[in-house]
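Peer 1: Chain by chain, the residues run as shown.
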Amino acid sequence: MRALVVDDSAVMRKVLIGALGRANITDVDQAADGVEAVSATESQDYDLILMDWNMPNMLGIDAVRKIRENGKTMPIIMVTTEAEKSRVIDALKAGAQNYVIKPFEPATIVTKIQDVLAKAAG
Amino acid sequence: MGMKIEYVNPFIESTYDLFSTMLECKAVRGDIGVGAPKANPRDVMALIGLSGMARGMVTLSFPVETALNMVNRLLSTEISTVDDTVSDAIAEMVNIVAGGAKSKLSGHDRPPIDLSLPTVLRGNSFNVDYPSGSVWLEVPFDSDLGSFTLRVTFDMDDDK
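As you go down the protein sequences, you meet chains L and Z in turn. No gaps in the numbering here: position 104 of the first sequence is 104 in my numbering, and each next residue is one more. No gaps in the numbering here: position 91 of the second sequence is 91 in my numbering, and each next residue is one more.
Treat each hint with caution, since some may be false.
[Unchecked claim] Quick look at which bits of chain L chain Z covers, simulated, 3 or more residues with Cβ under 8 Å: (1) 32-42; (2) 109-121.
[What the hints assert, rightly or not] Facing chain L, from chain Z, some residues (calculated, C-beta under 7 Å): (3) Leu18; (4) Thr21; (5) Ala89; (6) Glu92; (7) Asn95; (8) Ser106.
If you're looking for bench data, these hints aren't it; they were derived computationally from the structure. Ideal Cβ positions, reconstructed from N, Cα and C, are used throughout, including at glycine.
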């Protein structure tokens, strides 16, 4: 099980890596923007991506669209301060499976991670 | 600017949310006053711009001790000086507070408000100039992790 954490904040990436660890996922790569995220998915297969929205160079939602255009089907959870309903709908239309709004309680994101992985496993 | 005092409430609520969820402690606000941000050698200040139907700025100013306590709580570390990790964390804090507030301000039938990427200022001397006539609302907070100050100035299309 390998995950990719995408956030321009190194601190938030550490927080999310901690949450993945609580879900027993310790094989984790990091990307600091959408461009790095798309590039990472082109050279490595991931079982899960946690994706921020507001990042320099390429927004998270544009990275989700690009990753889906490239035929990748792994679950993607948006983890963002963008809480408006319209943004959630946009993210799901773009191909995200789930959505976590910052700030979050650690247990919340662990549950979401377990949920999307269970659904992906069928 | 048409800065209405009730506009600060979503920012206060977002600050409470940040502390109760990610920092696992309670923040308590003091009396709301008026005061623009200014340099303080003991502070780390993060600021973020709002654009779209609300235009203005939000800042969070943390005494160094509070900033270190917050980061150490968030990451379970024992960092003792303000470094890039601390700046990064403080930037994310203002991002989360502004992000939560903007969704509350936007409502269901308004276009989203856009946020700039956050900026962190630290050091002994700097000047930040604001548009003349800006009214800043200042909200002091206290918490188990230390005191800090939220400041907000913006106007909305509804004001016109």
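Peer 1: Decide, hint by hint, whether the structure agrees.
Peer 2: Right, here's what the structure says about each hint:
1. 32-42: With 0 residues closer than 8 Å to chain Z, the region 32-42 of chain L misses the three-residue bar; violated.
2. 109-121: As far as the region 109-121 of chain L goes, the hint is violated, because 0 residues have Cβ atoms under 8 Å from chain Z.
3. Leu18: Because about 5 Å separates Leu18/Z from the closest Cβ in chain L, which is inside the 7 Å limit, the hint holds.
4. Thr21: Holds: closest Cβ of chain L sits about 4 Å from Thr21/Z, inside 7 Å.
5. Ala89: holds, 4 Å
6. Glu92: This interface hint holds because 4 Å falls under the 7 Å limit.
7. Asn95: Hint on Asn95/Z: holds, closest Cβ of chain L at ~6 Å, below 7 Å.
8. Ser106: holds, 5 Å
Hint check: violations occur at hints 1 and 2; the rest are consistent with the structure.
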